[in-house]
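These protein sequence lines map, in sequence, to chains A, B, C and D. Quick note on numbering: the first sequence equals residues 1016 to 1444 in my numbering. Quick note on numbering: the second sequence equals residues 1016 to 1444 in my numbering. Quick note on numbering: the third sequence equals residues 1016 to 1444 in my numbering. Quick note on numbering: the fourth sequence equals residues 1016 to 1444 in my numbering.
Be careful, since some hints might not be right.
Okay, the calculated beta carbon distance ranges per label pair [unchecked claim]:
#1 Glu1169(A) - Asp1039(D): 46 to 54 Å
#2 Ala1052(B) - Glu1051(C): 50 to 58 Å
#3 Glu1296(C) - His1133(B): 36 to 44 Å
#4 Pro1196(C) - Thr1157(A): 32 to 40 Å
#5 Asp1150(C) - Lys1300(D): 57 to 65 Å
#6 Asp1150(C) - Ala1052(B): 34 to 42 Å
#7 Ala1028(B) - Asp1050(C): 51 to 59 Å
#8 Asp1039(D) - Thr1335(C): 30 to 38 Å
Just a sample of chain D residues kept apart from chain C, beta carbon distances all over 10 Å, derived [unchecked claim]:
#9 Pro1134
#10 Thr1147
#11 Asp1155
#12 Ala1162
#13 Lys1166
#14 Gly1167
#15 His1175
#16 Leu1240
#17 Leu1260
#18 Gly1267
#19 Phe1298
#20 Ala1316
#21 Arg1404
With a Cα cut of at most 25 Å, we get these calculated DSS-like pairs of lysine-lysine [stated by the list, open to error]:
#22 Lys1354(B) - Lys1354(A)
#23 Lys1218(B) - Lys1166(B)
#24 Lys1128(D) - Lys1066(D)
#25 Lys1300(D) - Lys1128(D)
#26 Lys1354(B) - Lys1354(C)
#27 Lys1066(A) - Lys1128(A)
#28 Lys1301(A) - Lys1300(C)
#29 Lys1218(A) - Lys1166(A)
#30 Lys1166(D) - Lys1218(D)
#31 Lys1166(C) - Lys1218(C)
#32 Lys1218(D) - Lys1354(A)
#33 Lys1354(A) - Lys1354(C)
#34 Lys1254(A) - Lys1166(A)
#35 Lys1128(C) - Lys1066(C)
#36 Lys1300(B) - Lys1218(D)
#37 Lys1301(B) - Lys1254(D)
#38 Lys1300(A) - Lys1300(C)
#39 Lys1166(B) - Lys1300(B)
#40 Lys1066(B) - Lys1166(B)
Hints listed in this document are in silico derivations from the structure and should not be mistaken for laboratory results. Just so it is clear, CB atoms sit at the ideal spot from N, CA and C, and this is done for glycine as well.
4 protein chains.
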Amino acid sequence: MTWDFSTEPEFEAKLEWMRDFVRDEVYPLEVLDADEAGFMRIVRSLQAEVKRQQLWATHLPPELGGQGYGQVKLGLMHEIEGASVWAPIVFGNQAPDSGNSEILAHFGTPAQKERWLHPLLEGRLRSAFSMTEPDNAGSDPTLLSTAAVLKGNEWVINGHKWFTSNGMIADFLIAMVVTDPDAGPYERASMIIVPADAAGLRKVRNIPTMAGEHERFGYGHAEILYEDVRVPADNLLGKRGAGFLIAQARLGPGRIHHCMRWLGQARRAFDMLCERALQREAFGKKLASHETVQNWIADSAAEMQAARLMTLHAAWIIDTQGAAAARREISLIKFFGAKVLHDVIDRAIQVHGSLGYSADLPLEEMYRHARAARMYDGPDEVHRVSVARQILAGYQAPEGMWPREHVPTRREAAQLKFAALLEAATTDV
Amino acid sequence: MTWDFSTEPEFEAKLEWMRDFVRDEVYPLEVLDADEAGFMRIVRSLQAEVKRQQLWATHLPPELGGQGYGQVKLGLMHEIEGASVWAPIVFGNQAPDSGNSEILAHFGTPAQKERWLHPLLEGRLRSAFSMTEPDNAGSDPTLLSTAAVLKGNEWVINGHKWFTSNGMIADFLIAMVVTDPDAGPYERASMIIVPADAAGLRKVRNIPTMAGEHERFGYGHAEILYEDVRVPADNLLGKRGAGFLIAQARLGPGRIHHCMRWLGQARRAFDMLCERALQREAFGKKLASHETVQNWIADSAAEMQAARLMTLHAAWIIDTQGAAAARREISLIKFFGAKVLHDVIDRAIQVHGSLGYSADLPLEEMYRHARAARMYDGPDEVHRVSVARQILAGYQAPEGMWPREHVPTRREAAQLKFAALLEAATTDV
Amino acid sequence: MTWDFSTEPEFEAKLEWMRDFVRDEVYPLEVLDADEAGFMRIVRSLQAEVKRQQLWATHLPPELGGQGYGQVKLGLMHEIEGASVWAPIVFGNQAPDSGNSEILAHFGTPAQKERWLHPLLEGRLRSAFSMTEPDNAGSDPTLLSTAAVLKGNEWVINGHKWFTSNGMIADFLIAMVVTDPDAGPYERASMIIVPADAAGLRKVRNIPTMAGEHERFGYGHAEILYEDVRVPADNLLGKRGAGFLIAQARLGPGRIHHCMRWLGQARRAFDMLCERALQREAFGKKLASHETVQNWIADSAAEMQAARLMTLHAAWIIDTQGAAAARREISLIKFFGAKVLHDVIDRAIQVHGSLGYSADLPLEEMYRHARAARMYDGPDEVHRVSVARQILAGYQAPEGMWPREHVPTRREAAQLKFAALLEAATTDV
Amino acid sequence: MTWDFSTEPEFEAKLEWMRDFVRDEVYPLEVLDADEAGFMRIVRSLQAEVKRQQLWATHLPPELGGQGYGQVKLGLMHEIEGASVWAPIVFGNQAPDSGNSEILAHFGTPAQKERWLHPLLEGRLRSAFSMTEPDNAGSDPTLLSTAAVLKGNEWVINGHKWFTSNGMIADFLIAMVVTDPDAGPYERASMIIVPADAAGLRKVRNIPTMAGEHERFGYGHAEILYEDVRVPADNLLGKRGAGFLIAQARLGPGRIHHCMRWLGQARRAFDMLCERALQREAFGKKLASHETVQNWIADSAAEMQAARLMTLHAAWIIDTQGAAAARREISLIKFFGAKVLHDVIDRAIQVHGSLGYSADLPLEEMYRHARAARMYDGPDEVHRVSVARQILAGYQAPEGMWPREHVPTRREAAQLKFAALLEAATTDV
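Isolated chain A (complex conformation) (with noise of 0.2 Å):
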């Protein structure tokens, strides 16, 4: 049978061992206190369990270690990572690490792969995606500024970054810039592989921000400038004036594992609000019993089911049709998914008062994260215009749907139709 929401047994099993793993020893994690040697030494213990699951770093092809799963069981996977900020990197997948094994295993050369993506698998480099820029709006790729350009075998690199994930402790950086400026609009920039030690090369800070404190041991997004930054024309990663392709692939199928993720924080919320609202009670009855918080909870189901069939259904495509036909799904689920993720959370702070405000409690942080979603990978406002754009092209201007010239009611119009109508009807019964 077509149209079928079920999920194979087997893979139904592993899921759920990972649902087990994520609550009872990766959510520790997050209130644990120890230095950066400690941490690592439990994380690397839990990456240890992961990898002899075979779910370690599922998002690779197989020849990299992956599992072959199409975006469908990816994201599956990562609706139950995303419940706590460490499970990403306990699973393979942490963000900007994972994107960039994709785009270097996809568009890199042999030597790249040598040089970068194997000791960046093996956890021996760590890496930054350097794209965002404080002048300039993201979303716009005409206004990219940070240049590269081409001087003997070098490419010389000048430019201002920031919110380059990972940047401050990075071995290298994938780094977006113009090499080709008189090119149209997408055909502008490039993607070239600058090692963090290269002279001119800046780091000026990681950036504080809403997200706070959680980004601990250097990790945070990061300002950096490029002074003069000079780098070996073959660290070009893929071909030259690719650098948006890359982007978009590197994105795409990004967005799926984000917009699951949220969801696995906003079922976390939403556990937690049913909870606290069995528990406590307030005039008499238990804040269950209480309609508002009833309505909260009607609407929240509604709005994360929406949001999961969504999201699953974009991935599907990508599975079934490729990433390119899934261009409009994958920005209705951004911006669509970002707004639910905001909103659980909401609610279940509120449900629980002042300890829902306060870090004893998980929620502030996630609330605290999830405003950057309705920004990053493009901010929903430019993705409502890219969804329009896209359908709008489907449609045409009528023309007659209300013929103005004999201003005739649309109903006078009809009955022209029906003459002929109403004469074959009484011939045909």
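Position chains B, C and D against the provided structure of chain A, taking the given hints into account.
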């Protein structure tokens, strides 16, 4: 692969035929200015075509002429029918006859089927469904007050109903009445078949509503008085006290059909929205180039997609696990879908300006009908509460989520766990 | 004390009288099933009572019988009139005659006043206002296409209008026409008085709309064709090219009246909501004890209060600084108020269930009328953009809000300022 | 004239001074990286300037140094102070000292004033307010559980509080405790002054919250254990059992101040929104030219205007009719204003993109603080229910609004009334 959102090609061909047929042959009925005889002549010719395509009354069990389609397929068909108010009558699915024929088929005795069901299916009788009461909130079964008392071999019925669909023109009514006032809240009522010409049955009027003139030819929602109406004891439909059970069986899949029809309505409004946006200009550019309109298009697309997937998901649960398993999902789509329906039509009207407000286009009628969707089949508010209760039943109040006895912070508490964890990790790796 | 929200006692007494009068004498008109003659006989007896109270046509200047009330007082009166669709006619304020008499009073020549204004005020003539065109977005003045060309001593008018208020029954129309196509966008149009019996003027029909049957006795919104209609050059109203200026003068205070009437409508719906909530029971308690209904009441109260204070504030600006100074405030209340109107009526309907949907109560008619409020007098979308532009004109792009040259953090930058500040503080205290 | 929204010129001059002073002298405090001593040295120099302007602690009665301003004027001042988190301390209005000094002034004995109030006003003591409990919903007075028992000449206090403002640094706490457990729900509690060094008083910690690092120098919301804390019987503040009464007196005008401060916050965010919109470009034009941003500006302007007028209206009721008369209005602005605050800041962040999410701008901190506004001073949900109850108390269930006995339609029923009316009209005219 599981999670399959595709449609079988041969069934897709049927849907394609339906789409063309509804647009080309059924839409014109909306503006046909004929008397009842002329109107019905055309309708019958269209019905004949539907029967030739084996798409007539597909909700019925195969032995009564249905195709054995499950709810997913019926849903996809209802989506197409929903685009026009006249499509259900053309496809043999019009309320309340469709629901009435279903419960007669499932719960009727052979004699009842002979006397009422077959003539109904053949179009020789028309039926009404008489449940709502003006004095009582319909959503609360304990408030039902129309009563039937068994005297000798007859039920004697007294009470006051309204919004009895097709009550003025029906040949018989299926009335929901209290037969066992002392039973539990869901076992008090029964369904009884009442001939329209029974003495004491007073057809007061068709109630004028926001739906307006569309309800022509006597169709409409009637106010009915039962004053010592006597019907044979054999007219009991199903078991005594099974009224709510039967009503649920009638309403459950019916809600799927409603929601899918709403989506058909919404899709038609959305098409008009997009076409108008490409046609009309204001302030130097097409409406389609105004961001506000683009936002409406994107939000409408997301919401329709959400409602559609949720409804088909609920249908799939009915098909694979039975209607009872889908109770929560059906409530979700009831209130989620009713809002989507309204919002999309509302935006389509706004894009059309005064033309959208005028009756020259079908939008204003769709808008008026859409307002009822938040009330019938249970007001949205009742479904929200019902969903919340079902969900909460799956949770327990936590113990020790935030252990109060020792006033530890959550972070402190977690350290205890990590002592062992750190130790294990140290030895483990 | 400034910031005084009180009402003068003697004026409050008049308002009190109006409230009683509208409820007791005008509400019944809504359900009066009389022919036009009978209906108007009653209306005239009510109008006589209004005149005795010196409350007739109070929007007019004192020399034409008004009381010299400013917009705040007129607003408070319109709030009361708004509760019933028939109140404006009883109080001599009905559109479009009220607006037409105002512009004739302000811009008409003595001869025009003699010929059109005085008979209008005496009820011997009826007027129409003919601006909207089916082919063009009414909010964009550059699109107006109905044209008048001066040939000899006559204007020759050609064009197509619709939603011409009372166009079918009017004795004369005030038409907005392009007289100077090459002038600036706001100087292209003029207003011309057109007798209804002018040759070439074709009254096509009253346009059926969502507003429905209320528009009885020929009242309504007409479609009008101007085909070589000739009127004397003297029929120009005001200066050539002043059409938009006059329209603004007409619409500005008129929007205050609209918004206050909306509040009267909303208040009536709100009263019904509260009363029904206290009357009706569901699930073991009054609707008034259900939190969902309580939330609706609280939100409605807040929104009505907001809209009311904003509208009276705008009226106060007109009274103290002139209509031009209130342009932004008037746009604000236009879109804010229209939403409040809809939302309150919508909740009132929902609380009444099927009764609210039925025409047994006035709510469903109020709902249909409310839908138009988001379109007439300029669609909400245009007012939003207009407000934003006015506001943005008061700002400048910042320089150095976030100085980029040296990539300092905001905190670093501030230290410079504080060096001096700390020093000063040390010596200062 | 009544309905006067103007501000007295001499007071407007003071406000003007405040606006300049806050922007030029107080904003910089937000980014001052000084130790407490350095920080307080600057603060004191600013406070001295405020005192010179006679704007210090204006909420106090004149005998304690206030200016005798009513709530309208105080509100206008708080609006300006609200723009920066540090302004209240500079103007002598910082919570919880301001509220504590007010209740000491109103309810304290001469000895209490001597001992606690005067040192507090002189800045020699700091105070805390200790009401919220972790185990009980704060909005429900019947749940308060911290208890004080009178043993001999001492109160013995046991219980668990949290979110005790400034609990870690205070010299004394005003604690809300149950003294009369068997009294009516609003007469159970009393307020008692507790010296911070009382034996048995355990300051557990400052609770980490979403508000984050701002709460420096020990400011913050503390968790406090009362374990057999003994204080003299004379430390009772006001009458025994008057705890809730005093809390209301403290919170009522305090909510006006909160709401006005929120508006100051919102206004600052709005200014940043507009300025950024004019500065930043995307897709070929300034953000200010994008309709989505224009819609945000227009909606923000409308909502801030609404909240502002509502708050000043509530203040005016307090000034003219007393705080009790303003109970409903105060609840309205509580929940209405908290949403406006959030929504405006949220839009300002979105316009700034990642810069808005970063701590380089104050927006992200404002956003985190705004989230608490929906909880403190009673969660919005409780205020909504309270408003609804107050409103419903003014209504009665209708009789005969829809007379059922004879099943007439409303139209039929009205005809009876009109028989006489028509007759009267005939003779009357």
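### Task
Sort out which numbered hints this structure fails and list those numbers smallest first.
2, 5, 20, 21, 25, 32, 36, 37, 39, 40
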